[in-house]
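Protein chains: 2
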Amino acid sequence: MVRVAIIGVGTVGKSVIDILQKNREIITARAGKEIVPTIGVVRDLSKDRGVDIQLTSSVEEAINRDDIDIVVELMGGVEEAYKVVKQALENGKGVVTANKALLAYHRYELQEIAGDLPFEYEASVAGGIPIITALRDGLGANHIQSIKGILNGTSNFILTNMIEKGEEFSKVLKEAQELGYAEADPTFDIGGFDAGHKLLILASIAYGIDAKPEDILIEGIEGISQADIQFAKEFGYKIKLLGIAKRDNDEVELRVHLALIPNSEMVSKIDGAMNGISVIGDRVGETLYYGAGAGGDATASAVIANLIDIVRHDKKAPMLGFKKPLENCKLRLKPKEEIETRYYIRVEVEDRAGVLAEISRIFGELGISIETVLQKNIDRDIAHLLLSTHKTKEKYILSAIERIENLPSVREKPYMIRIEKS
Amino acid sequence: MVRVAIIGVGTVGKSVIDILQKNREIITARAGKEIVPTIGVVRDLSKDRGVDIQLTSSVEEAINRDDIDIVVELMGGVEEAYKVVKQALENGKGVVTANKALLAYHRYELQEIAGDLPFEYEASVAGGIPIITALRDGLGANHIQSIKGILNGTSNFILTNMIEKGEEFSKVLKEAQELGYAEADPTFDIGGFDAGHKLLILASIAYGIDAKPEDILIEGIEGISQADIQFAKEFGYKIKLLGIAKRDNDEVELRVHLALIPNSEMVSKIDGAMNGISVIGDRVGETLYYGAGAGGDATASAVIANLIDIVRHDKKAPMLGFKKPLENCKLRLKPKEEIETRYYIRVEVEDRAGVLAEISRIFGELGISIETVLQKNIDRDIAHLLLSTHKTKEKYILSAIERIENLPSVREKPYMIRIEKS
Numbered sequence: 018m019v020r021v022a023i024i025g026v027g028t029v030g031k032s033v034i035d036i037l038q039k040n041r042e043i044i045t046a047r048a049g050k051e052i053v054p055t056i057g058v059v060r061d062l063s064k065d066r067g068v069d070i071q072l073t074s075s076v077e078e079a080i081n082r083d084d085i086d087i088v089v090e091l092m093g094g095v096e097e098a099y100k101v102v103k104q105a106l107e108n109g110k111g112v113v114t115a116n117k118a119l120l121a122y123h124r125y126e127l128q129e130i131a132g133d134l135p136f137e138y139e140a141s142v143a144g145g146i147p148i149i150t151a152l153r154d155g156l157g158a159n160h161i162q163s164i165k166g167i168l169n170g171t172s173n174f175i176l177t178n179m180i181e182k183g184e185e186f187s188k189v190l191k192e193a194q195e196l197g198y199a200e201a202d203p204t205f206d207i208g209g210f211d212a213g214h215k216l217l218i219l220a221s222i223a224y225g226i227d228a229k230p231e232d233i234l235i236e237g238i239e240g241i242s243q244a245d246i247q248f249a250k251e252f253g254y255k256i257k258l259l260g261i262a263k264r265d266n267d268e269v270e271l272r273v274h275l276a277l278i279p280n281s282e283m284v285s286k287i288d289g290a291m292n293g294i295s296v297i298g299d300r301v302g303e304t305l306y307y308g309a310g311a312g313g314d315a316t317a318s319a320v321i322a323n324l325i326d327i328v329r330h331d332k333k334a335p336m337l338g339f340k341k342p343l344e345n346c347k348l349r350l351k352p353k354e355e356i357e358t359r360y361y362i363r364v365e366v367e368d369r370a371g372v373l374a375e376i377s378r379i380f381g382e383l384g385i386s387i388e389t390v391l392q393k394n395i396d397r398d399i400a401h402l403l404l405s406t407h408k409t410k411e412k413y414i415l416s417a418i419e420r421i422e423n424l425p426s427v428r429e430k431p432y433m434i435r436i437e438k439s
Numbered sequence: 018m019v020r021v022a023i024i025g026v027g028t029v030g031k032s033v034i035d036i037l038q039k040n041r042e043i044i045t046a047r048a049g050k051e052i053v054p055t056i057g058v059v060r061d062l063s064k065d066r067g068v069d070i071q072l073t074s075s076v077e078e079a080i081n082r083d084d085i086d087i088v089v090e091l092m093g094g095v096e097e098a099y100k101v102v103k104q105a106l107e108n109g110k111g112v113v114t115a116n117k118a119l120l121a122y123h124r125y126e127l128q129e130i131a132g133d134l135p136f137e138y139e140a141s142v143a144g145g146i147p148i149i150t151a152l153r154d155g156l157g158a159n160h161i162q163s164i165k166g167i168l169n170g171t172s173n174f175i176l177t178n179m180i181e182k183g184e185e186f187s188k189v190l191k192e193a194q195e196l197g198y199a200e201a202d203p204t205f206d207i208g209g210f211d212a213g214h215k216l217l218i219l220a221s222i223a224y225g226i227d228a229k230p231e232d233i234l235i236e237g238i239e240g241i242s243q244a245d246i247q248f249a250k251e252f253g254y255k256i257k258l259l260g261i262a263k264r265d266n267d268e269v270e271l272r273v274h275l276a277l278i279p280n281s282e283m284v285s286k287i288d289g290a291m292n293g294i295s296v297i298g299d300r301v302g303e304t305l306y307y308g309a310g311a312g313g314d315a316t317a318s319a320v321i322a323n324l325i326d327i328v329r330h331d332k333k334a335p336m337l338g339f340k341k342p343l344e345n346c347k348l349r350l351k352p353k354e355e356i357e358t359r360y361y362i363r364v365e366v367e368d369r370a371g372v373l374a375e376i377s378r379i380f381g382e383l384g385i386s387i388e389t390v391l392q393k394n395i396d397r398d399i400a401h402l403l404l405s406t407h408k409t410k411e412k413y414i415l416s417a418i419e420r421i422e423n424l425p426s427v428r429e430k431p432y433m434i435r436i437e438k439s
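These protein sequences, in sequence, are chains A and B. Position one of the first sequence corresponds to residue 18 (the numbering used here), numbered consecutively onward. Position one of the second sequence corresponds to residue 18 (the numbering used here), numbered consecutively onward.
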């Protein structure tokens, strides 16, 4: 029998306890031993959690108990969770965490502290999808060339609804909030930060890159309008918030932003609140993993997969994990401004002769080659210029946008979406 | 250092050797030890294989060598491969196999013989997609409710081309053969047998069902026509060859056949020669896995994932595998005739009054409820009746088809495709 302490008995914690109890027979068959949720830690003991295990408000009580073998950290947050996980590991407990923010900042330190103890985190990325296992074990023969993930269900839900209903961002966001798909303060999801945390975890496994959220390009979905969605439709694209990790020789690009993706690519077909990750390996080609990225049961399913794995193999630490096994490959983060891709740019202009020439001249001077131009009049005197470019570097496009913004006929800062084709 | 013997140095065997050599550094980092392809077994030693390892034509020489730790079986076939794998295990070697036919017939016996030795087979289903790992490890917390897989790339390539080009089966098959997507004798692929073997492997892992290919419903894609494809398009379906495992209380249905799947389902979006498997767990909901199901490098990627896993964990046998861990759940195979689903039926009739009434009467007498009827005249006197039904049992639909076939106005045996909605 293996005893587990659950730190945080919210939606996910309750599901972990419920599944371990209700699916006990099959989980025991798979793990080889019974996994018993033994004690749960909550902030407020007076609130009824509807769970049938001992509860305490003292983290110390749970993680100091000698009979606890594994600590499941579901409390969220960064620094407090770090202390709890560190203490649990120092007490000789294995740890399973679903906490992506914790891992975005402290994954290498915690892996180091874990030493020979199990330290697992399947639930931290894309909820119920076993993407960590796939990347770490299933694709082990491959150099990973790229990862493109729809890693945030809230943003995907909003974008899908904008595409399907033709409504503007603010209205769809409000609906998402009413339906519970977006938080009252949605910044963490729609600002790309949640996806950024997950991308860092995936990139560490694939490339051994030790970066923090501040080090990488993270943009959200704010600012997108139906004009962009219409452009995408006309040119055969879907617009998705992607987390992208891409290897280019000894450098790795890490970036989260809106992207125009050809309709033919699998990752463009992942709609609603679902998550999906496309991984290209040098030998296996593209594989894709799809499923629910959030929700109590889906996340708990991943937590328990880790528990079963730890118990079944009676294993010490995994030999992979955040241990930079590839540091002899000397991969390093590519500077943001050197990232090269294609761009779509929407410019709101006064509709008069010469505007397009001025904009074209700016692109020309920066060596940016224009692929398509579409003009849409939105009012008598105002038009949208919708441009797409061939490949260029981030620094050139940012410079172009700054110069275009300062043109007298341009009414507001141009809006840019990157174009990602395989 | 771990030494590996490769039995069969064809397309996959060559890729295994090549990847182990070219990606040596990263594989060693992931496995913790170097994995060395040491000896390869070929039938004809005079043929140049372009590989840089010792070759022999003697299987015994390879599997009896004391310095060989793991045997990779890539020879194909059933009975001869069985003897080789059995001998390798009896010699104390771990075994990795990509041989689905071998597993379709002998998986439980071989697992039994393996005892504490590693016996792995990720490459046997869906090539490079790590579906075995996902099902066995990633979804371990779940009762599996259903598996729906596009498991045969040849059939999917032919169906996709029929849909996209509007050409008939025989022409598309010929093109597939010219392009190398179909064998000269394509029966194993287009007859559903290849998918059936893979389905049995997946069903054993999910349900511990010990069935053989002869025990389950296996149909191929022959007989499909553009009339069916058009019906599918009009009603919002794609036609795919699916391997389906579905749990219904204590029974499990296993079947391979063409299916009409709503366009909205992810599995319908898997086109060309690609494979994909949708798995529904009771807690995680739907997850889907997509990638190349065949090809030397993709298959070798899965073989090597097994090798890394075995070496990394220095593990004895997996505690799951084909060991019927769930036999206390007493799951049994549902008899074919009791399978319940919805059906599409194409009947070629002489176009005269009363035919539809006769057919409707047969359905009525068997308690089959018709959902839609579409009549398409294909000649002056000949029409296609395209019917879809609500849920009914296989035995009733087979009886209906037999009776309809005997009607004087019916010109040939009605053609049936099952309709699968989640």
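A portion of the hints provided could be inaccurate.
Label pairs and their computed distance ranges (CB to CB) [said to hold, decoys possible]: (1) Asp-396(B) with Gly-289(A): 51 to 57 Å; (2) Gln-247(B) with Asp-265(A): 43 to 49 Å; (3) Lys-393(A) with Asn-266(B): 54 to 60 Å; (4) Ser-386(B) with Glu-192(A): 35 to 41 Å; (5) Arg-66(A) with Asn-266(B): 28 to 34 Å; (6) Gly-132(A) with Gly-109(B): 31 to 37 Å; (7) Asn-266(B) with Thr-28(A): 54 to 60 Å; (8) Ser-242(A) with Ile-399(B): 51 to 57 Å; (9) Glu-78(A) with Glu-231(B): 56 to 62 Å; (10) Gly-27(A) with Leu-350(B): 37 to 43 Å.
Since the hints were made in silico from the structure, they are not lab data. The beta carbon of each residue, even a glycine, is placed where N, CA and C say it ideally should be.
Quick rundown of the hints versus the structure:
1. Asp-396(B) with Gly-289(A): 51 to 57 Å: Taking Cβ atoms as reference, Asp-396(B) and Gly-289(A) lie about 45 Å apart, which means the hint is violated.
2. Gln-247(B) with Asp-265(A): 43 to 49 Å: holds (46 Å)
3. Lys-393(A) with Asn-266(B): 54 to 60 Å: holds (58 Å)
4. Ser-386(B) with Glu-192(A): 35 to 41 Å: holds (38 Å)
5. Arg-66(A) with Asn-266(B): 28 to 34 Å: At roughly 31 Å between Cβ atoms, Asn-266(B) and Arg-66(A) fall inside 28 to 34 Å, so the hint holds.
6. Gly-132(A) with Gly-109(B): 31 to 37 Å: holds (32 Å)
7. Asn-266(B) with Thr-28(A): 54 to 60 Å: Given a distance of about 29 Å, which is not inside 54 to 60 Å, the answer is violated.
8. Ser-242(A) with Ile-399(B): 51 to 57 Å: Roughly 54 Å apart at Cβ, these two residues keep to the hinted range, so it holds.
9. Glu-78(A) with Glu-231(B): 56 to 62 Å: holds (59 Å)
10. Gly-27(A) with Leu-350(B): 37 to 43 Å: Holds - the Cβ-Cβ distance for Gly-27(A) and Leu-350(B), about 41 Å, lies within 37 to 43 Å.
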